Structures are given as C-alpha cells and as structure tokens.
Amino acid sequence: MRTGLRKWSLWLGAAALLALPLASSAQLSTNDLAQKLNIESHIGNLTGHAKAAAMNYRRYCVGCHGELGDGNGENAVWLDPKPRNFQLGIFKCRSTPTSTLPTDTDLFDSIGRGFDRSNMPIWNTLTKQERADLVAWVKHFSPRWANEKSGDPIQIPPEPEVTPERIKAGRDVFARVQCWKCHGVQGMANGPSASTLTDDLGRPILAYNFTEGSRPKCGDTDRDIYRIFMTGLDGTPMPSFADNIKPDEAWDLVFYLRTFMSQHSKEKDMAKQLGLKPVDPNAPVPAASGQQ
Amino acid sequence: MRTRCNLAVVLSAVVLLCCGALMLNQNVRAAGEGKISGTVKLDGTAPHMRGIDMSKDPYCSKIHASDPAKMETVVAGSGGGLEHVVLYISEGLTGGALTQVPTEEPVFDQKGCVYSPHVLGLDVNQKFKVTTSDQTAHNIHPNPNPMTGNIPWNQSQPPGAPPVEKSWKATEMIPVQCNIHPWMHGWFAVVKGPYATTDASGAYTINNVPPGSYTVTAWQEDLGTQTQKVTVAAGAAGSANFSFKAK
Chain A
-4 MRTGLRKWSL
6 WLGAAALLAL
16 PLASSAQLST
26 NDLAQKLNIE
36 SHIGNLTGHA
46 KAAAMNYRRY
56 CVGCHGELGD
66 GNGENAVWLD
76 PKPRNFQLGI
86 FKCRSTPTST
96 LPTDTDLFDS
106 IGRGFDRSNM
116 PIWNTLTKQE
126 RADLVAWVKH
136 FSPRWANEKS
146 GDPIQIPPEP
156 EVTPERIKAG
166 RDVFARVQCW
176 KCHGVQGMAN
186 GPSASTLTDD
196 LGRPILAYNF
206 TEGSRPKCGD
216 TDRDIYRIFM
226 TGLDGTPMPS
236 FADNIKPDEA
246 WDLVFYLRTF
256 MSQHSKEKDM
266 AKQLGLKPVD
276 PNAPVPAASG
286 QQ
Chain B
369 MRTRCNLAVV
379 LSAVVLLCCG
389 ALMLNQNVRA
399 AGEGKISGTV
409 KLDGTAPHMR
419 GIDMSKDPYC
429 SKIHASDPAK
439 METVVAGSGG
449 GLEHVVLYIS
459 EGLTGGALTQ
469 VPTEEPVFDQ
479 KGCVYSPHVL
489 GLDVNQKFKV
499 TTSDQTAHNI
509 HPNPNPMTGN
519 IPWNQSQPPG
529 APPVEKSWKA
539 TEMIPVQCNI
549 HPWMHGWFAV
559 VKGPYATTDA
569 SGAYTINNVP
579 PGSYTVTAWQ
589 EDLGTQTQKV
599 TVAAGAAGSA
609 NFSFKAK
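These protein sequences, in sequence, are chains A and B. In case it helps, the working numbering puts the first sequence at residues -4 to 287. In case it helps, the working numbering puts the second sequence at residues 369 to 615.
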C-alpha cells in the first residue's frame, strides 16, 4: 500500500512537472484569440473595442482587405495600389518614426481620411465610435501589436510665418536631400529614379506628383506634409529624412513643396514674385547648414 | 497525511532540480579561443555577372567610368574562391558562445553607388553602422520579413549624412536596397553566435569558438546553403572547406 502511494505521488510529481509548460502554452493559444478580441484602441477620449467592429469589418472592409486582414480580399486583384496587408503591421501614414507602429489616432485618421488615388474611400459615413472600433480590430491581425508599443509621435514645432527667404531655404533643402531624384525638379514625379520604384513587396509604385492636384495620401495640411517626409512612408520607397532635415528646415521644405502644388497658395505667389527657378540636378550638392 | 508528505517531498525535489538545472546552465559559459577556418570554392565556371548601367545618376557613372560596376550575386576570384559567403555555426553552440554579442560595430558603407561590403555578417542584436561616402543621395531600405521580429525601416542618407546605427532582433538573411539606385543590392546576414564572411580568395576564419562538435553552415545568396560537421579540440583549430556547384 505504502509503496503504491509513494509510486502514486511520484507519478503525480512527474505529471505536474510535465503538465506545467503544457498547460501554460495551451492556455496561451486558447486565450490568444479571446485576448486579441479584447484589444482596445484609444483615440482622444474615445475607446474602441475590437469585438464591436467584427460586423462592420465584414460588411465594409473584407472585400478588399480580406477575412484574414492579409489584403487579399476578392476585389484585391483589381486594385492598384493594393489593399494594406494588416498582418505585416507596416503602415504608410504614421506620426511615429520609421519602423515603429503607428498610434491609434494615426489609424483612425487614415480610416476617416481615405487614401486619394487609391480605392480606399473616406469612411466618414461610419460614426467615430465605429471607426475607433475598427482601429482596434485592425490591430488584432498583426503579432506586432502584441509585442510592441506604438512609437512616440515626432515633435513638430509650431508653424512659422511663410517668408520668401524660407521658400528659398526650402529650395536648398530640396536640392540637398535630393527629393528630385524621384519627385522631379518641378515635383512632377518624373525624377531619374521615378520609373524604377517598387514597394516592399516588389510591386511598381508611383512617386507623388505634386502638380496634378490630388491630395497627398497621408493628409494635405502643412503639418501632414511635414510629417510625411520626417517619418517616411513605411513599405514604400519614401524614406524618413528625420536625421538629415532639422525641424526649422523642415518647415522651409513644406513651404517650397507648396509652390509645386496646383492649388493657389501664399507660397505660390511668393515663388512667382521671387522668380524661383527649379533646382539644377547637375549643380553641386549644397552643403548642409550648420550640420555636425 | 503520509501521501501529502510524500507529495511535498517529490514536488520540492522537482523544484530544486529545476533550479539546479537553471544554475548549471548559466555556469556553462564557454571559454577558449578556438577557431574554424577553411575556404569556399566555386565548382565550375563563374556565371557572367551583368554590368550595371548607372547613367541614371551621373555621379555614379562617373566613378565607374573606367571600371564598370558589375552585379555581385556570385563573386569568384582567380582559383575559384567564392567571396561574400557567410559561415556560421548552426548547431552545437551553448551558453555564452551563443548568447554573447560582439561589441565591435561593423560598417556598411555606400561607396561608388554600391554597398561595401556586399554582404555584412552580423550577430543578433549586434550594433552596426550604415555610412555613406558618396556625393549623391541614397536611401537605405532593408526589407526583412516582419513576421521574424525584424522590422523594415527606410532612411535617407544625402551627402554628408551622419551614420545610421541599428541592430537586428532575429536571425534572418535580410536583403537591403536603395530605391533611388535600383541596382544597389546587398545583404545583412544575421546569425546567432560567431560567424565569418569569405574574402576575395574564398578564405574564412570563425573566431571565438569553444572546443566542441558543431555544424557549420555556409550561405551564399544565390547558391544556397551547405552544412558540415566540424570538431574543435582544445588548442586545435577546426577546418571545413566548402564547394558550391556553379548553376
């Protein structure tokens, strides 16, 4: 009897030892989905709940982004640019540095803004709460959201007054960091490298043409344009210039870029008065001002 | 009562054993300065490497005016030595030899509108620098698979730009490209533990290998991987020569 008991307890001990990692991993995988569906998004004082978005995602998003969020919905074959693959967790429009996850507000803004020159419409027909819920839902597709936090948004100093000097300085930045290699000297997306651009998945992609009157994909306020080149559009050839353009110069560049755009602006008038010529691609590269 | 006592004894023994195993594991820190060396050769005629048309950027084409740049997919020297092959220990490493991260920071330079070196070997979490020696703007754009834990990034490096300092979280052969100069293509070969890349003659030496039996893997971007078993004894270097069949 006693030996039996002892044997029994030995078995129990061994079983406990074996079951420990098993139980915890099994728990993880079953809890995983439930946990993912408990994902929340926080946009200002709005809180989005992934679970609440399941119906709307099925109704409005699945056609392009797919059931699994991999961007392979049934319409995807007909679309260019292709729908975003949420599983990769790589996003163009962020307020956060390159390679970091966007904030919930960034995703919320993307849904509400839509993407000009793509098939992603403006989803302002959905309520803010519904959009916040969808942000939480979008986050459940990529393991990145479980392992990483959103990046810290870049600091954007208050916008200074536009002056002709600033526009001229912006032209120097444009020449120095060589935006024209892709965007062309007049912002017409006809730079020498424009024709060979591909995205991270090897699909051809166009540089932004400032002159055709369409809105930049990540928003068309001055702050949006500032943010675009200081964070880069991840997944595309557009790099981050954060290490090479100082905040003050960045505003100069924003003003210069406005002079290309077809919409009437103060910057356009000033450039006209200055008689500003496009940069010369064959001129020596201007030195960085006061860069260490 | 008796059973409960027994149970408690068994359970505490199990806990003690686990602790012991953990401590032991930490104590087995690899010491010693063993090496594995050898050469990597190409078996057969080296494939033709296409010349690169850099006329898109006059700065680049001027540099290569007298010596046109060629693709570097397979670089074989005289005698058939294969350059840019990464050798690393894929099995057999334990303890410190596996987890220690080298402190030296290798440099990946953009020079003459090509990457130098073409393949940069790296340990997981080892810091490295991306620099530019060129008077033309580049963007440095590695493209790892985000599912591995390595996240792609894309940063501009205009002339005179400060170095970009980075590291990678997981083992992966990561292609890197410049979107401005689409011919620019290189690799970050991220492995765990000691590694080496072959020189122009195909020779390599993996340093800091403690005595033991290992599997050494040779990776070439186009020709794939090969493995060999190697034993490093105390005070005697291991040796492994590889030969890749030309395609």
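Treat the hints with care, since some could be wrong.
[Said to hold, decoys possible] As a list, the in silico SDA-like pairs of lysine to any residue whose alpha-carbon atoms are at most 25 Å apart:
id, chain 1, residue 1, chain 2, residue 2
1, B, K424, A, K31
2, A, K31, B, K479
3, B, K479, A, S190
4, B, K537, A, P92
5, B, K424, A, P273
6, B, K534, A, G146
7, B, K430, A, A282
8, B, K534, A, D194
9, B, K495, A, S145
10, B, K479, A, D194
11, A, K163, B, Q503
12, A, K31, B, K497
13, A, K144, B, Q494
14, B, K560, A, E143
15, A, K31, B, M515
16, B, K497, A, K263
17, B, K497, A, E125
18, B, K430, A, P281
Bear in mind the hints are in silico, worked out from the structure with no lab data behind them. All of these numbers come straight from a predicted model, not from anything done at the bench.
Each hint, compared with the structure:
no.	hint	verdict
1	B:K424 x A:K31	violated, 48 Å
2	A:K31 x B:K479	violated, 46 Å
3	B:K479 x A:S190	holds, 23 Å
4	B:K537 x A:P92	holds, 18 Å
5	B:K424 x A:P273	holds, 19 Å
6	B:K534 x A:G146	holds, 16 Å
7	B:K430 x A:A282	holds, 21 Å
8	B:K534 x A:D194	holds, 22 Å
9	B:K495 x A:S145	holds, 23 Å
10	B:K479 x A:D194	holds, 24 Å
11	A:K163 x B:Q503	holds, 22 Å
12	A:K31 x B:K497	violated, 37 Å
13	A:K144 x B:Q494	holds, 22 Å
14	B:K560 x A:E143	holds, 22 Å
15	A:K31 x B:M515	holds, 17 Å
16	B:K497 x A:K263	violated, 40 Å
17	B:K497 x A:E125	violated, 44 Å
18	B:K430 x A:P281	holds, 19 Å
Hint check: violations occur at hints 1, 2, 12, 16 and 17; the rest are consistent with the structure.
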